[in-house]
Amino acid sequence: MAITDIPILSMLRTRLEWAQDRQRVLAENVANSDTPKYRARDLAQPKFEDPTQITTAAVSTVSLTRTESGHIAGAGVSGSAFRIESKGNYEVRPTGNAVSLEDEMMKVAANQMDFQAATAVYTRSLNLLKIALGKR
Amino acid sequence: MDFLKTMSIAASGLRAQAGRMRIISENIANADSTPSGSGANPYRRKVATFTSEFNRALEARTVELGKVQTDTSDFRVKYEPGHPSADGKGNVKYPNVNPLVEMTDMRDAQRSYEANINVISATRRMIQRTIDILKA
Chain A
0 MAITDIPILS
10 MLRTRLEWAQ
20 DRQRVLAENV
30 ANSDTPKYRA
40 RDLAQPKFED
50 PTQITTAAVS
60 TVSLTRTESG
70 HIAGAGVSGS
80 AFRIESKGNY
90 EVRPTGNAVS
100 LEDEMMKVAA
110 NQMDFQAATA
120 VYTRSLNLLK
130 IALGKR
Chain B
0 MDFLKTMSIA
10 ASGLRAQAGR
20 MRIISENIAN
30 ADSTPSGSGA
40 NPYRRKVATF
50 TSEFNRALEA
60 RTVELGKVQT
70 DTSDFRVKYE
80 PGHPSADGKG
90 NVKYPNVNPL
100 VEMTDMRDAQ
110 RSYEANINVI
120 SATRRMIQRT
130 IDILKA
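The listed protein sequences correspond, in order, to chains A and B.
Just so we're aligned, residue 0 is where the first sequence starts under numbering that gives the first Met the number 0, counting upward by one.
Just so we're aligned, residue 0 is where the second sequence starts under numbering that gives the first Met the number 0, counting upward by one.
No wet-lab data here; the hints were simulated from the structure.
Treat the hints with caution; some may be incorrect.
Said to hold, decoys possible - Okay, the calculated bits of chain A under chain B, using three or more residues with CB under 8 Å as the criterion:
#1 1-8
#2 19-32
#3 96-105
All of these numbers come straight from a predicted model, not from anything done at the bench.
We treat Cβ as the ideally placed atom computed from N, Cα and C, and that holds for glycine.
Assemble the whole structure, with the sequences as input and the hints as a guide.
What follows is the structure, given as structure tokens:
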């Protein structure tokens, strides 16, 4: 059993990966805040109904199959293991752009806090293991 | 690493907004450029466009500065018979640049630029938190 197979650690890892992917999606939104016809997207929250089943491998990603070993691997339709959702915004500008910078800034800040919380708990969990080992 | 991709996406936004700033400054600098000769046309206002394109290396939609278009609206005409560029009736064509429009456009570019900077600094803090796990 690898150290990352411990349920709490793998759950936290999923959470961290989610925050990392979400940050990428939010960066796309902010970068495209002046692109015509661009709609803001976001990631759906990961679900933890059954904590023992949480592994990122369980969420499969769609990728292209290579017919020849010499071919370059193609990128999947979506690079994220999490579901991308585009919600209807309340504000669409005349150019067809529906990115609210204020909204995105709030999400970036919230995402950063989520990530900090998860890393803090991760550190604490590692400390628990250290206590069990009798190192402190 | 995914966080570095996030930073590259935000950097594409910075590049696009900086390009827009360049075009705005060109417009403001040429706001009073007179035509080179009698009957010739003066400087025509330029308009920056943004296009969203799928970057295969980043697996994300980055923003690029699209083709620079020209504003087709009419030139400002002033009656200045003594001017070297005046036509037969004593009218001089001035560029179709409205400094007020350029100023508001500039504020908009600045705001978008700051939003991208904000994403980069948030991402940097998240990377720092990940490194901090090692120090625990």
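Verification of the hints:
1. 1-8: violated (count 0)
2. 19-32: That given contact holds, which follows from 11 residues of the region 19-32 of chain A lying within Cβ reach (below 8 Å) of chain B.
3. 96-105: With 3 residues close enough to chain B, the hint holds.
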